[in-house]
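S.K.: This is what each chain is made of:
2 protein chains.
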Amino acid sequence: MRPFKETIPLDQARALIDGAIRPIDRTERVALDAAHGRVLARDAVATADVPPFSRAAMDGYAVRASDTSSASRALPTTLTCIEKVFTGQLPARTVGPGQCTEIATGAPMPPGADAVIMVEQTDADSSQVLIFAAAEPGQNIGRQGADIKTGQTVMRVGEVLNASRVGALAALGLAHVEVYARPRVAILSTGNEIVDPGQPLAPGQIYDINRFTLAAVIAGHGGVPVPHRTAADTIADLSRAVDECLGDDVLVFSGGSSVGERDLILDVLSDKGQVLFHGISVKPGKPTAFGVVGGRPFFGMPGYPSSCLSNAHILLVPALRRIARLAPHAVKTVTVPLAQRVVSTTGRHQFYTVRIVDGLAMPAFKASGDITSMSQADGYIEIPAQTDVVEKGELVEVTLF
Amino acid sequence: MRPFKETIPLDQARALIDGAIRPIDRTERVALDAAHGRVLARDAVATADVPPFSRAAMDGYAVRASDTSSASRALPTTLTCIEKVFTGQLPARTVGPGQCTEIATGAPMPPGADAVIMVEQTDADSSQVLIFAAAEPGQNIGRQGADIKTGQTVMRVGEVLNASRVGALAALGLAHVEVYARPRVAILSTGNEIVDPGQPLAPGQIYDINRFTLAAVIAGHGGVPVPHRTAADTIADLSRAVDECLGDDVLVFSGGSSVGERDLILDVLSDKGQVLFHGISVKPGKPTAFGVVGGRPFFGMPGYPSSCLSNAHILLVPALRRIARLAPHAVKTVTVPLAQRVVSTTGRHQFYTVRIVDGLAMPAFKASGDITSMSQADGYIEIPAQTDVVEKGELVEVTLF
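Top to bottom, those sequences are chains A and B. For our numbering, add 15 to where a residue sits in the first sequence, where the first one is 1. For our numbering, add 15 to where a residue sits in the second sequence, where the first one is 1.
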């Protein structure tokens, strides 16, 4: 067996990862329906005004404002309605002095008119319309180009397409949009003991958990999870598996990064690429490796489900978001008293899972091998390496999952 | 034209919506790969122990703890190694007095042994192993069932399957899981002037924006957006369109809920169902209707893109999440000074969009018809109906999009 030579602190691990990755350059064209959450790869420049014509902003009457200057509820002005214009229609007539056009919200303004009186300030009897208020010129009109002007840069490269930005692209008439590709993240579980859920377990075997937790994390942070078949603990099979993953942008393996004699994945990776670290001073998740293979970052995650998932949150998510050109994850935290004394004598920076119960942080961490350490937790507190004990009642900041 | 008879306050609108909706009952079976974010529809009960056997939690040597009671670095105990067990293998031999078995993390414990000494506390020379520390019984063993016990309820109906919970289901060996269906939300843009992006615009026409913004919001809050073809402003076409949407769980229309003579959608809905309100005291978004048709909630959103999207956030999201059995949306807020005086004399509760620039809330709201009121904003502040002015420098709470 080969003990860890040394572990490195979390900050150093993060810096090494950060130095080895870069934002994705590949782009693709997607339908606007599928653009939500994607990152814009070209500035969006308007080729026409939005709205494309001046239009009524209210249901009412299009008027010449000067005709209404003396109108009031006590002394209404009477105008003659010459036409009705609904949305999607074009006005046929010009509004002359003493005239008005009945108009629906969104319908094009008729020539001659320079204001809209809302219907609530009018009363109509056949074609004679009583106007109860004076209009300012321009009133209740959505002017051509008021939203977006031809030639205007509406959105810049790198902006994330939330609902309203997808809407602004629709306003430009774009049915498709050029976005950065989502990084494809190869997921590979290694180990002879690993069996897919749904299959029977032979003695000594366990179900693959990490493929599923990693896929969920990757999909939730801008990546495309690409599960690969479980590899056996042989140099030949692992080598073939790594080669198969080189079509993807990022490689995440789990298992085989501890110090057992049969942890061959690191030998394979050292041979094909460069291991930048192996072993970090955190708990859970110490036996974690990182390096570069075939120009791609690879994460060698611990086989233990809680360790693997904890490091996915702590190391993989920030890296993946940067590769995917997303802003850092906005974690949510709550500060609450600790429900029970926690002893942490590991000398490692600990991510200790807790449940929030009745406003208290209740310890949820069991063992690194226990997925329920995570699945029955609401988040985690961090206990620095030099802290041995966190007392009951002490205020702790819980980072929520 | 038909003016609004009355508008109702936002709270009352919310209460009417809440009274008309209920959480979805339909369930479906999905592959575990696709279960992330879904809501569990059956308690998950373990049919086997996890781990299914007692296993080494460290690389090292499986020992009888009593053999090591006097071991120290100064006076090591020597044991005879009788076997090597890797993960996925079964031990063949029983550990007797004075014996040990070399064991990898995750490998099944051999009979006879009751503790694991980590490799760092040993030194091996052929089959003779020096043990440098005494072991406690049970040390470094992940006991059968320590994570999950047979018969244990691991997860309950209604829990949202985040990464770790998907992992816990994998640990149970489940390849599929029964979840609540995502509500299907019909999206229908009404109006003769509406054209799909990618098509040329005729005079008086504009591009459909709401279909895209609504779809993004719906997909982001647990629903399945189901866009329907744009309906023309005729009773016959609208009636047929509503019937086509009744295969979905929720109906969201935009346009045609203002007070124009041609706003026929409300007539169609009154005829086929029940309109619970029409007109709310908010800005933007006053011409909003809600009711029930064919037993399904329908939202009649304003045609104006900012109004429609604002109300999607304010009214649709809470309702949709409740129908989808998701917890209320955890909005993020920041409290910053207002960069400019804002005048709001509407007498309506206003959702006023702002951009965060240099730590200040900069007004971003233009007009209800302008999508850039939203797409160039980071969030909104709320200005109550009775507040006319918010002064420059005043601290405002910005709800981030």
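Calculated directly from the structure, the hints in this document are not laboratory data. Hints may be right or wrong, so weigh each one.
No distinction is drawn between identical chains; accordingly, a pair holds when it is met within one copy or between any pair of copies.
Lysine-lysine pairs mimicking DSS-like chemistry, simulated, CA-CA at most 25 Å apart [to be verified]:
| hint | residue 1 | residue 2 |
| --- | --- | --- |
| 1 | K381 | K301 |
| 2 | K99 | K347 |
| 3 | K99 | K301 |
| 4 | K407 | K287 |
| 5 | K347 | K381 |
| 6 | K164 | K381 |
| 7 | K407 | K164 |
| 8 | K301 | K287 |
| 9 | K407 | K99 |
| 10 | K407 | K347 |
| 11 | K99 | K381 |
| 12 | K164 | K287 |
| 13 | K347 | K164 |
| 14 | K287 | K298 |
| 15 | K99 | K287 |
| 16 | K287 | K347 |
S.K.: Please go over all the hints and tell whether each is borne out by the structure.
M.R.: Status of the hints after comparison with the structure:
no.	hint	in the structure
1	K381 - K301	within (16 Å within a copy, 53 Å between copies)
2	K99 - K347	neither (54 Å within a copy, 46 Å between copies)
3	K99 - K301	between (75 Å within a copy, 24 Å between copies)
4	K407 - K287	neither (49 Å within a copy, 61 Å between copies)
5	K347 - K381	within (23 Å within a copy, 31 Å between copies)
6	K164 - K381	between (59 Å within a copy, 14 Å between copies)
7	K407 - K164	neither (61 Å within a copy, 29 Å between copies)
8	K301 - K287	within (23 Å within a copy, 63 Å between copies)
9	K407 - K99	neither (74 Å within a copy, 43 Å between copies)
10	K407 - K347	within (23 Å within a copy, 29 Å between copies)
11	K99 - K381	neither (73 Å within a copy, 28 Å between copies)
12	K164 - K287	neither (53 Å within a copy, 42 Å between copies)
13	K347 - K164	neither (38 Å within a copy, 32 Å between copies)
14	K287 - K298	neither (29 Å within a copy, 61 Å between copies)
15	K99 - K287	neither (75 Å within a copy, 29 Å between copies)
16	K287 - K347	neither (39 Å within a copy, 45 Å between copies)
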